[in-house]
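Chain A is fixed; fit chains B, C, D and E with the ligands onto it per the hints.
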Amino acid sequence: APTAGKPAADTTGDVPDKPAKAVSLNILDVAGDLQLTQGMIDEFVKQHSDVISKVTYSKAPAPELSGKIKAQQNANRVDIDLVLTGTDGLSAGTQQGLWNELLPKYADRLPGMKDYLPPAQKMQELAGNSGVTVTYYPSGPLLEYLPAKVAKPPANADELLAYAKANKGKVMYARPSNSGPGRTFLMGLPYILGDKDPKDPINGWDKTWAYLKELNQYVDYYPSGTADTMKALANGSSNIIVSTTGWDINPRVLGTVPKEAAITTLKGFHWVTDAHYAVVPKGVSTDKQAAILQLLQFMLTPEQQAKAYDKGYFYPGPAIKGVELSQAPQESQDAIKDFGRAEYDKLIADNPTEVPLDAKSLVAAFDKWDREVGGSKVKSS
Amino acid sequence: MSGFDQLRLEGVGRRFGTADALADLDLTIERGEFIALLGPSGCGKSTALNCLAGLLPLTAGSIWQDDQRIDTLPPEKRGFGMVFQNYALFPHLTVRDNIAFGLRMRRLPKDEVRRRTEAAIEMVRLAEHASKLPGQLSGGQQQRVAIARATVLEPSLVLMDEPLSNLDAKLRLEMRTEIRRLHQSLGLTTVYVTHDQEEALSMADRLVVMRLGRVQQIGTPEEVHTKPATWHVADFMGYRNLLPVSATRVEGDAVTVPLGETTVNGVAQGEMNAGDEVVAAVRPEDVRLGSADVAGLKGRIEVVEYQGRELAVEVALPDGVRLHARTDRKVEPGEQVAITITPGRLLVYPSGDPADRPAAELATAGLAV
Amino acid sequence: MSGFDQLRLEGVGRRFGTADALADLDLTIERGEFIALLGPSGCGKSTALNCLAGLLPLTAGSIWQDDQRIDTLPPEKRGFGMVFQNYALFPHLTVRDNIAFGLRMRRLPKDEVRRRTEAAIEMVRLAEHASKLPGQLSGGQQQRVAIARATVLEPSLVLMDEPLSNLDAKLRLEMRTEIRRLHQSLGLTTVYVTHDQEEALSMADRLVVMRLGRVQQIGTPEEVHTKPATWHVADFMGYRNLLPVSATRVEGDAVTVPLGETTVNGVAQGEMNAGDEVVAAVRPEDVRLGSADVAGLKGRIEVVEYQGRELAVEVALPDGVRLHARTDRKVEPGEQVAITITPGRLLVYPSGDPADRPAAELATAGLAV
Amino acid sequence: MIFFFVNLAGVVGSVLVSSFGRRWFDTWLPSGFTTDWYGDAWREFGLLHVITVTLIASALVVVLSVLIGAPAAYVLARQNFPGKRLVYLTFLLPILMPPITYGIPLATVLYKFGFAGHLSGVVLANLVPSVPFVILTMTPFIEQVDPRIESAARMLGAGTRAIFLKILTPLLVPGLLASAILVLVRTVGMFELTFLTAGPDSQTLVVALYYSMSAAGIRAQQSVDAMAIIYTSMMLVLLVVALRFVNPTQLVARVKEEPE
Amino acid sequence: MSTTTSSGPANSGPANSGPANSGPAGSGPAGSGPAGSGLAGSGQALNWRHRLAERGVDRRLWLLLPATVFVLVLFIYPFLYGLSLSFQPMNGGGVLANYSKFFSDAYQRDTIATTLKIALPAALLNVLAAVPIAFRMRGRFRGKRLMTTLLVVPITLGTVLTAQGLLNFLGPTGWFNRVLMGLHLTEGPVRLTNNYWGVFFSLIITGFPFAFLLVLSYLSGIDPTLERAAATLGASRSQRFRRITLPLLAPGLATTFLLTFVLAFSVFPSAVLVGNPAGSTRVISLAAYQAAYEQYDYSYASAIAMIMGAVELVVVAIVLVWRARLYTGSTGGKG
Ligand SMILES: Nc1ncnc2c1ncn2[C@@H]1O[C@H](COP(=O)(O)OP(=O)(O)OP(=O)(O)O)[C@@H](O)[C@H]1O
Ligand SMILES: Nc1ncnc2c1ncn2[C@@H]1O[C@H](COP(=O)(O)OP(=O)(O)OP(=O)(O)O)[C@@H](O)[C@H]1O
Ligand SMILES: [Mg+2]
Ligand SMILES: [Mg+2]
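Protein chains in written order, with the numbering used here: chain A, 1 to 381; chain B, 382 to 750; chain C, 751 to 1119; chain D, 1120 to 1379; chain E, 1380 to 1714.
Next up, chain A with everything else stripped away, as it sits in the complex (with noise of 0.2 Å):
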């Protein structure tokens, strides 16, 4: 029933340590960080009962986030607490002012943030003052191949354009508006191909754009989703695709792609790091907040982040210092230990780690792209 009456809480006023009595909490996921972090969750539910007495947990794709949030605060009643978001979400917020800042307020109370990974403080200095980084990766780009196809990889980005032009067609990567892998691809090719500046696409990415465009004339079409690139690969339709840690090791826990699918990387490249963050909209209450700030201190500590590491979701998950894999759950171990790989662990301590296009230069990059390679396709054929 319509509750027009409702007494408004406090939203603004200090934040106390704890709530006055156990809220409960609205959490929204718009990465698929639930995935990682649900079992966190539940389980300080579990221990604080006091706290939080009860979670309700909803999933929704990120772009129409900010139009409810927004619908919300304009409205004075805001019913969505936490919210799991990736880069894009949490920028757009920012821009538009959505989020509370809960940094540098509450630092002290979220201690487990001094012990990030390096590259997940520099995630986490990507976010500003709103979001707490909860789960890092560092993502690709890297590409996967089916042995049986490809005998010998390409090994830098002169071999793949070469490979794409003998094998018409078989090589795929998915639009990058609508993909992580596609994505990754994008902004780990200027590091590959040394461009004068690999923040800025519109002005700095001139081998990118030249090499992009080449490589259409290879490419039969762009699926508009990093499944159907998966799919493409395992059916044989494609030899090549462009992947990341997570997107190789779960969709093969999964079935999607063939066991014995493996990665390449090309020459010079860089990883182009990849974070989920919690943030919470302006309008919440105070009390919730104390909540949540007690939530995220919990998800923090190495016995939950080692949660992360899930089936290679999002490999390895953790963003905090010292987590290791014998910490997660068996069912998590037994799938990296399956289908995770060795090599990785080496690609990740010799590789540099970058962090990814800010979200304004993100949107020009996918806008350029759709433009020039992605639409080009329409005049060609």
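Just so you know, not all the hints are guaranteed correct.
Between beta-carbon pairs, the in silico distance windows are [unchecked claim]:
no. : chain 1 : residue 1 : chain 2 : residue 2 : range
1   : B       : 723       : C       : 1050      : 41 to 49 Å
2   : C       : 1093      : B       : 412       : 43 to 51 Å
3   : A       : 331       : E       : 1503      : 49 to 57 Å
4   : C       : 1003      : B       : 723       : 32 to 40 Å
Far from chain C, by Cβ distances over 10 Å, these chain E residues were calculated [unchecked claim]:
no. : residue
5   : 1475
6   : 1499
7   : 1562
It should be emphasised that the hints constitute simulated quantities derived from the structure, not laboratory data.
As the structure is a prediction and not an experimental result, all values here were calculated from the model.
C-beta: ideal position from N, C-alpha, C; glycine also.
For chains B, C, D and E with the ligands alone, coordinates are given in the frame of chain A:
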């Protein structure tokens, strides 16, 4: 719902676009009267009825039920009953449910609904079709359902739009009597639209004869039948022989007009003088055939039609004019016959406008093919 | 498309579910004939017509056009014209386009289409409504469009389902003549459904009288009118007085039957013996009123209806039987009158089945309310 | 038509097979079958609750939009009046305008009055395109009903309510059914407005489905297929139930049956 | 429930309350009846009412109220908000900046043509295919119910299943291409997804049953006697269809076309899922979506959506103008 003493229509009119389908209808209906609206096809009878029922909003005039103005009431508030020209049965309801519909709308007890419905079904002799849908009935059966549906409610005013036109002659006669009987025994007030003069004459207390959306004459059956107000009314009332002629002599209401190389006497139905253009009107039944050797009006039989007891004949007069006549003698086309006109039955009307005259029936226009 | 010499219906029947709407119809129609199907509402007339037109598949029998079997042909291949009981006008076409429809279907030259269409519009007097849509016409106007639409094609066989039932008396008479004229001048063959005996008598060469889906009598108008084959036909043909009695005396075809405490003489219409249960039938027109002082049949006037030239009266005989009679004298209810029956006009029918007898008209069942 | 059916069967079949497939690479059929995908989808989204919410919400939307829309359609079909075109346009706009233009302000309004965040918000928001939709589909149906039948009912004392209930509704069953089904399909499939106004307890199936399909993260193809099958099965059940009770052509056909 | 009916006959509208009161009161004192002076008082109101009657204004208009109020409250305000938003460009620069930005950018402008190129043929095909099939489904025959159900079932598929199914079925290694290749009709797989055709097929699959259902229902409202009458006038099956059924069906077809067109025009998920969203199926709703949810420029998104609505409105207006010229009365089916 309850009865009324008088229903007054004052200047009632209905316009469709630029055409007046009904204009200036003034009529007072007394409680218990049986009024027939009579007139040729398209003269506005159905329009008048719909206005009275409230189904067509008026574009002029007002309607009063005693002191209450009712032309602003919606039809369902007027409490009138109506039988529609094209039945308008509810196609999704059985005969029984069609008839019970109005009773149910009045929220009568189930028992009473059932009882009255069955009685009405009995009355229109549809007991064995009671569970059929209208789509499965013959045209006549449908019309009987429509009659039963309206009268079962015993409304204070019943409007009927040619309710018998699809019935066979026998049933029509019976239903006529039945409707009259209902009218009397239930104390109904009835407005009855028909194009059948015989029906109107035999059923109604008063006739309203219409033409082109306007009233031509209001009167008792006898008045309308024996003294039509205009030659148009005469035309419609079965004065099938309408002759545009010049009056030869006028004396009081005795007029002499020329006919078939001789002259005949008629009764003047208005002001007229010798030499005026007039219209002489007489019914075929008042034009009888004798044998040819009698002096006077003569003609040659052109067409003979069997009509049961009598023969209907068309006779060509020497001057080419055709007369419709009746005879009970066996005659053949081509025969020469003498013609007598029943005295006092030839009516003579002044005819003002030259455009407003009947065409002399010299040769009926056929379909040019 | 072209004409035929003979059209034969052999054992034609149509069943709806378990009910025979039409059974065992045998009929041979000669080229140029005008056949009327006559019978009470629901007797299967429309069904027969639809079967002939090909709109209803037969469930028994066959139809032959000369040597060709046609009951398997679709309607549009039979080349017949039809006027539907409920008009079935195309609601989206103007009057003109409705009428021109068939001509256009035949791909006639534009000029001819226009000329014939206009002529047909003229014939049915709808010139000023030619551009209206059917929904804007009165009921009678619609029916005229339907007639024009079917006859403009000059089809080899025209089927008409009560085409005149919605017209006013005057127009009905005129259209009757017109249809007859068309029939003759175009050399049409016509099957005409009507429930109006007068119409059937005056128009048709032969009548087919039906009852409950079965043919009762086929004959010329005169045969059917003066010698109805059964008392049912008599009933339908206007023998409104039907009296279930026992024959007192039978001599050849002269029968004496009891009536109102005396006896009257009638003509036997079948095998019968003294003492048999019979049905005596006589038309109201053959029951005339004299004054009460003449000896013989006597009664008391119960109901008087004005009917124009004559009065229709109901007379109660001393034994309670009611007779419908006619008079041209002014009479009042309650008056005692003498009654004469035109000699030779009282027909007496054997009545086999006791269930199959008319109800003595003692008191007409009213609507119990 | 056969071609259409075969291909349709192919389309549906491939998803159905896939949703039960363990692994399906370059072969005719998957290499093994399992129902795990359903179990996963079921658990992940708490589908029982979601389906219940969906059913309730869509049923409410259908009923309300018919109740609000049908009378308006009636007037538009029956009557000519000044300003009719303007009214018509007003009813057309919500169908023409993509929810992007009004979704967020609409959600704000609903949140302001305390409707959004509950089922009622979802219902109200979905009514916005549904009501005009009913109006638009119903108008021609009403035009087909002979007004004299209505007149007859009026003369028998039926008020507007009775006419709608006793006369028009049964005669319009095919139309009502058609537009109800279409509204249902649209509502169940309307992601945007639903998402903007749904609360945590009032998520509908389509939100879950959209999520599984287009949200970030890795998701097995088969699990999306399974979700889609669940979605379709639910719609199918609704449709079959609807058709069970009324066949779109049955009523009128019974009234004027073509012989044969 | 109560909202719809109570506002009908219960409240007598303003058109009616005036004269209803003044009528009897005016005639009371005169005694000689309403022809007296009493009538003059209410004459004004009367004329007014009669004039309204001539134009078809009466109390039935109250039935419009619930829907109108509803749309005004829940749609018009948000819509106007969106409209005004589109005139307040995020990056400044004049009231019409968003619109000129759209039209000066060929990449954006072309989305209109792209959308029309998909939506018009798809809607047209759906309607045209639905007519003959629905026509055949009219008579009575065995299995009719099953056939109808089968034809309507795809309506339940939903965009996602359709998209997934098309990708699976028509994809390079899907059953369709397997059959084609198995029959040696083509050498390599035929590309039917991730391009124009993928979107087109998905619109057919989701749109056809929709069109079919509507057309079938409209068709059932046409009196079959009319066709029989045409048959006796010598019209063949096809002529009857063309001259009688089709014209009577046309208003319904126009509505059906509009609805399928509108649905096709806002095709968004399938344009992304089975189309080529960067190129040949970059439909206008995608442009709006990108503006709103990738660039978070709601103002620009509103402007694009307004343009989208305007384009639809043009098509709709053309169809409606055409429809208004058709016959739209009773088709006799229920009389
Ligand atoms: N909706 C309408 N639009 C335009 N003209 C109409 C409309 N309804 C009736 N008319 C015209 O008004 C006139 C009167 O029609 P009405 O139906 O009252 O005739 P009627 O006397 O009942 O005739 P009939 O005996 O043939 O039924 C006719 O000329 C008819 O064409
Ligand atoms: N489709 C049908 N289903 C069931 N019964 C039907 C159907 N059509 C006609 N009937 C029945 O068949 C019988 C004959 O009907 P038909 O229409 O031929 O009568 P009719 O002689 O033309 O009567 P009327 O003069 O009243 O038009 C009627 O009792 C009718 O109820
Ligand atoms: Mg009329
Ligand atoms: Mg009939």
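Taking the hints in turn, this is what the structure says about them:
1. B:723 x C:1050: 41 to 49 Å: Between residue 723 of chain B and residue 1050 of chain C, where Cβ atoms are some 31 Å apart, the hint is violated.
2. C:1093 x B:412: 43 to 51 Å: 48 Å, holds
3. A:331 x E:1503: 49 to 57 Å: Holds, at about 54 Å.
4. C:1003 x B:723: 32 to 40 Å: At roughly 37 Å between Cβ atoms, residue 723 of chain B and residue 1003 of chain C fall inside 32 to 40 Å, so the hint holds.
5. 1475: Correct as stated: the minimum Cβ-Cβ distance to chain C is 45 Å, above 10 Å.
6. 1499: At about 26 Å from chain C, residue 1499 of chain E clears the 10 Å cut-off, so the statement holds.
7. 1562: 40 Å, holds
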